[in-house]
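Chemist: All chains should be modelled from the sequences, with the hints used to inform the complete structure.
Order-wise, the sequence lines are chains A and B.
Using this note's numbering, the first residue of the first sequence is number 1, and each one after it goes up by one.
Using this note's numbering, the first residue of the second sequence is number 114, and each one after it goes up by one.
Treat the hints as calculated values from the structure; they're not laboratory data.
Hints should not be assumed to be uniformly reliable.
BS3-like, lysine-lysine: derived pairs with alpha carbons at most 30 Å apart [stated by the list, open to error]: (1) 210(B) to 180(B); (2) 180(B) to 44(A); (3) 52(A) to 17(A); (4) 180(B) to 52(A); (5) 210(B) to 52(A).
Covered, in the sense of this in silico footprint (three residues per stretch, anywhere, with C-beta under 8 Å from a C-beta of chain A), are these stretches of chain B [to be verified]: (6) 126 to 138; (7) 182 to 188; (8) 213 to 219.
Quick caveat: nothing in here was measured; it's all calculated off a predicted structure.
C-beta: ideal position from N, C-alpha, C; glycine also.
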Amino acid sequence: DAMVIQNPRYQVTQFGKPVTLSCSQTLNHNVMYWYQQKSSQAPKLLFHYYDKDFNNEADTPDNFQSRRPNTSFCFLDIRSPGLGDAAMYLCATGEREGQETQYFGPGTRLLVL
Amino acid sequence: QKEVEQNSGPLSVPEGAIASLNCTYSDRVSQSFFWYRQYSGKSPELIMSIYSNGDKEDGRFTAQLNKASQYVSLLIRDSQPSDSATYLCAVRTGFQKLVFGTGTRLLVSP
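Modeler: Shown next, in the form of structure tokens:
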């Protein structure tokens, strides 16, 4: 089945220790998104890629970076995680054309100690 | 004013009843509207999308859109305990972007 996959599902890191979260898709969608969601809050868009074009949200901290080496994979790098970065990180994919429905992966729960 | 507003709930309904979830949005030019269901600790799952004024039905779910009032709703008929979740309203406000509400928590009691 076509899907969005995120690894790992749970990640524990130490304060200030870099961490990378990964997302892959078999939907062949040209847009990939990274969201941060904290408890009882709406998903917050961090950035997205349309093909290789990177689009950063204005309020995304510099501590968050992303890479998309090919259509199928996208990575979220947190260079120096702080306690406030503990959250669920959601990857989503979509098509630029049409109505731009977004499909979410299962998420990665990040814990910062 | 928040771009997408939802009552956080919880909305409590008995099994078999109709659950009505509401959402308002601020951007008049929004064209696409989505309802996602999110179980605790899980990722959002698309339930319905609606683009034109009126009603759109899919099984037990009906989405209603009124662009003049900037209002979108989701009706769940014959509510089941398995429908207990948080329902997120999402609005496409710009190219390739969705803005989400904070969600309404629905509790369906047996």
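Chemist: Indicate, hint by hint, whether the structure satisfies it.
Modeler: Hint check:
1. 210(B) to 180(B): Distance ~19 Å between residue 210(B) and residue 180(B) Cα, so the pair holds.
2. 180(B) to 44(A): holds, 24 Å
3. 52(A) to 17(A): Cα-Cα ~27 Å, so holds.
4. 180(B) to 52(A): violated, 34 Å
5. 210(B) to 52(A): holds, 16 Å
6. 126 to 138: Not satisfied, violated; 0 residues make the cut.
7. 182 to 188: Answer violated; 0 residues pass the 8 Å Cβ test.
8. 213 to 219: Check passed, 4 qualifying residues.
In the structure shown, a violation is registered for the earlier hints numbered 4, 6, 7, in ascending order.
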